[in-house]
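Residue-level listing of the chains:
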Amino acid sequence: EAQVTQNPRYLITVTGKKLTVTCSQNMNHEYMSWYRQDPGLGLRQIYYSMNVEVTDKGDVPEGYKVSRKEKRNFPLILESPSPNQTSLYFCASSGGLAGVWDEQFFGPGTRLTVL
Amino acid sequence: GQNIDQPTEMTATEGAIVQINCTYQTSGFNGLFWYQQHAGEAPTFLSYNVLDGLEEKGRFSSFLSRSKGYSYLLLKELQMKDSASYLCAVRTDQTGANNLFFGTGTRLTVIP
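Chains A and B, in that order, give the protein sequences. Here the first sequence is numbered in this note's numbering, starting from 1 and rising by one per residue. Here the second sequence is numbered in this note's numbering, starting from 1001 and rising by one per residue.
A few of these clues could be false.
[Stated by the list, open to error] Label pairs and their in silico Cβ distance ranges:
1. B/GLY1015 / A/LEU19: 43 to 53 Å
2. A/ILE12 / B/THR1013: 16 to 26 Å
3. A/ILE12 / B/GLU1056: 43 to 53 Å
4. A/VAL54 / B/GLU1055: 48 to 58 Å
5. A/GLY63 / B/THR1013: 21 to 31 Å
6. A/GLU70 / B/GLY1053: 38 to 48 Å
7. B/ASP1093 / A/LYS71: 16 to 26 Å
8. B/GLY1015 / A/GLY63: 44 to 54 Å
9. A/THR86 / B/THR1013: 20 to 30 Å
10. B/VAL1050 / A/GLY16: 26 to 36 Å
11. A/SER82 / B/GLU1056: 41 to 51 Å
[As the list claims (entries may be wrong)] Only pairs whose alpha carbons sit at most 20 Å apart, straight line, appear in this in silico DMTMM-like list of lysine to aspartate or glutamate:
12. A/LYS69 / A/ASP56
13. A/LYS17 / A/GLU1
14. B/LYS1057 / A/ASP102
15. A/LYS57 / B/ASP1093
16. A/LYS17 / A/ASP102
17. B/LYS1081 / B/GLU1041
18. B/LYS1057 / B/ASP1082
19. A/LYS17 / A/GLU30
20. B/LYS1057 / A/GLU1
FYI, nobody ran anything at the bench for these hints, they're computed from the structure. Keep in mind the model is a prediction, meaning the values are calculated, not measured. Backbone N, C-alpha and C define an ideal beta-carbon position, used for all residues, glycine too.
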């Protein structure tokens, strides 16, 4: 089954404790992206990657890191989480063909709470 | 930058038709998407428009006017399961990437 998976689905942590949220897709997609979703603000892009070893900042990158060592994986790293990073996080992927119809497939989401 | 506006909430009756509007201001427009998102779940793709006009897909249709920076999603024969948030998203080619910019979403409540 074609899908995007994220782990963990739920996480409660404390300020300053490094964490990683994994994202994996099995569709051989080139493009992957991380979003956070907050009430009243909608989905905002954190980082994206157009291919292996190619990553770039989205609209709200502060406090986050990513890596793209393999095509299928795109982990999100919070080196020192803070309470304002409490949010619902989504990973998404697409074929990456910017010139044509190309929907993004979303993972199930990770609900993160930073105390 | 990008600016995308859609109503925050709407209510409609089961069996009726509802239209959700979206207006946008963006550079390098390269397509408009509509996604459906049930509470606590992932967004799922509904429709895509890149040229002006109406795209129909079963009970759902989406319209685009690029000159007016305007789109709408039309839902016919509403069902209770259509209660969800509907997200308008604009794709731009500014960076050469497939980046989407989302509106804040319209929460639709379908009542009996």
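These are the hints, each one checked on the structure:
1. B/GLY1015 / A/LEU19: 43 to 53 Å: holds, 47 Å
2. A/ILE12 / B/THR1013: 16 to 26 Å: Once the Cβ atoms are compared, 40 Å apart, the range 16 to 26 Å for B/THR1013 and A/ILE12 is violated.
3. A/ILE12 / B/GLU1056: 43 to 53 Å: holds, 45 Å
4. A/VAL54 / B/GLU1055: 48 to 58 Å: Given about 32 Å between the Cβ atoms, the range is violated.
5. A/GLY63 / B/THR1013: 21 to 31 Å: The hinted range 21 to 31 Å is violated for A/GLY63 and B/THR1013, with Cβ atoms some 44 Å apart.
6. A/GLU70 / B/GLY1053: 38 to 48 Å: holds, 40 Å
7. B/ASP1093 / A/LYS71: 16 to 26 Å: Once the Cβ atoms are compared, 23 Å apart, the range 16 to 26 Å for A/LYS71 and B/ASP1093 holds.
8. B/GLY1015 / A/GLY63: 44 to 54 Å: holds, 47 Å
9. A/THR86 / B/THR1013: 20 to 30 Å: Violated: the Cβ-Cβ distance is about 36 Å, outside 20 to 30 Å.
10. B/VAL1050 / A/GLY16: 26 to 36 Å: violated, 45 Å
11. A/SER82 / B/GLU1056: 41 to 51 Å: holds, 46 Å
12. A/LYS69 / A/ASP56: holds, 14 Å
13. A/LYS17 / A/GLU1: violated, 34 Å
14. B/LYS1057 / A/ASP102: holds, 16 Å
15. A/LYS57 / B/ASP1093: holds, 15 Å
16. A/LYS17 / A/ASP102: Not satisfied, since the Cα-Cα distance of roughly 37 Å exceeds 20 Å.
17. B/LYS1081 / B/GLU1041: Distance of about 14 Å is within 20 Å: holds.
18. B/LYS1057 / B/ASP1082: Distance ~15 Å between B/LYS1057 and B/ASP1082 Cα, so the pair holds.
19. A/LYS17 / A/GLU30: violated, 31 Å
20. B/LYS1057 / A/GLU1: violated, 23 Å
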